[in-house]
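Novice: In order, the protein sequence lines correspond to chains A and B. Residues 1 to 274 (this note's numbering) make up the first sequence, in order. Residues 1001 to 1274 (this note's numbering) make up the second sequence, in order.
Please keep in mind that the hints were generated in silico from the structure rather than gathered at the bench. Be careful, since some hints might not be right.
[What the hints assert, rightly or not] Chain A is faced by these chain B residues, among others (derived, beta-carbon under 8 Å):
1) S1059
2) W1119
3) T1213
4) V1214
5) T1217
Ideal Cβ placement from N, Cα and C applies to all residues, glycine included.
2 protein chains.
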Amino acid sequence: MSSHPFDQALKLQALAPDRYAGRTSEAYWNMVGPFGGCTAATVLAAILQHPDRLGAPLSVTVNFAAALAQGPFEVQLHAARTNRSTQHWTAAIVQNDAQGQPQVVTTATAVTAARRETWSLSDQPMPHVPPPAEMPAMRYEKAMAWLDHYELRPVSGMIPQTWDGSQRDDSVTRLWMRDVPPRPLDYCSLLALSDIFYPRVWLKRATRVPAGTVSITTYFHAGDQELRETGSGYLLGQARGQEFRNGFFDQSAQLWNEAGTLLCTSHQIVYFKE
Amino acid sequence: MSSHPFDQALKLQALAPDRYAGRTSEAYWNMVGPFGGCTAATVLAAILQHPDRLGAPLSVTVNFAAALAQGPFEVQLHAARTNRSTQHWTAAIVQNDAQGQPQVVTTATAVTAARRETWSLSDQPMPHVPPPAEMPAMRYEKAMAWLDHYELRPVSGMIPQTWDGSQRDDSVTRLWMRDVPPRPLDYCSLLALSDIFYPRVWLKRATRVPAGTVSITTYFHAGDQELRETGSGYLLGQARGQEFRNGFFDQSAQLWNEAGTLLCTSHQIVYFKE
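Between the sequences and the hints, there should be enough to build the whole structure, so can you do that?
Specialist: Set out below in structure tokens:
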């Protein structure tokens, strides 16, 4: 097992083929729980370890029902249906509450697939942006722990420098990103990176309101070959919101590698407080 | 109970608070199973009937693990977590196979939420297109049954008239749509409509290959008020693909009402055959 903090965070102990014990990571701690991308990656890590797993991740949906508390948890899995080339998973993260009662904190579904080479084409070319070396990395003071484990080089749509409530025309952020320390990309780290964007409502309103992802869905376009070609290079991420309404907004994101290959597309619905 | 075919298709009998018996509808039959939007709506209909349900739909993810066969099925639900203003659901559609063994054909998760009025803003204005009355409705000959129950008025990106394999620059379709006969919009019919677009790969390649949705996620921006304001009017739907790779492509869609209110955004990953 690698000593990379991301691998440490995703370390699971098989209790049974359908049950995996884990523990929250200090390294990826956010404000009131782990970084959601790390939680999603933990569910996927369990699926990838399952002895019956067929193929590679195609689609993962993770619903954040409650914040994980610091400490142990269990990932429970079920291969609900296995077809010839696709497999449908249901999953949950369960954690004991203060009374020692198991509570569902995360629900999830996933599809894995044995993919074959076919006609392929992108309809979402990578935007023309300066290379990562030309964009300074963000520096934080007293930031949340998980931000120490990502190198983020914003290209546009940075976190507002002044919280003056000014409304912005668009809600687009573009940034280069990679793990700290650099780590060869795999399905789990790609899934985590797809959740890296700060809340679109902060950008749109220049107002820092409480906000948190309720549900994220990531579609994997990358297979093993694209992951290998990406290695530990930077990814360009782009995120935008479409609708901000009555306590929730959506976000759609794309992540390309430096060569311009679209590795995944990702969508989420996010709670925000007035 | 309304006699509208959509209401008939979604008719469920409560066997227990967490179990609902249904039957596939001839009216919404597709090629090898029901129209996927109708199947997704059936899962949501069960959730909305559950006596413990909190609030309105915020997010629904439905994974199509296998085609439903004609006949009876059961929707199984579980309120995995109920918070103060959100509720997390897991669901499955189960159907007996030829040997009488229950098999999971659909898995799903959903979040319902009691929403409050907050600061709201759209970042995805409706495209400027001619009104529905100016666009002729599509006519079909010997089409699949479910198409008889939707009025579709394409604006751009129609199904190719000739399957000549010519590659198209974009994969965008815009069309006006509503139920046949007209029916006041509700959450279930909105969810079904979010799955109405024909496969993007047909448009992109002008080649009619087998294709089917594997997983769909729809985010509801509309609440009761926006549904009421929409009534039985037309919706403008827009869909595009981002990446077509090794047997799967993704699709992102937006549905606005005639007044230009974004009612939902929807995403799916779709299987296609070379």
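Novice: Could you check the structure against the hints above and give me the numbers of any it violates, in ascending order?
Specialist: Of the numbered hints, just 3 does not hold.
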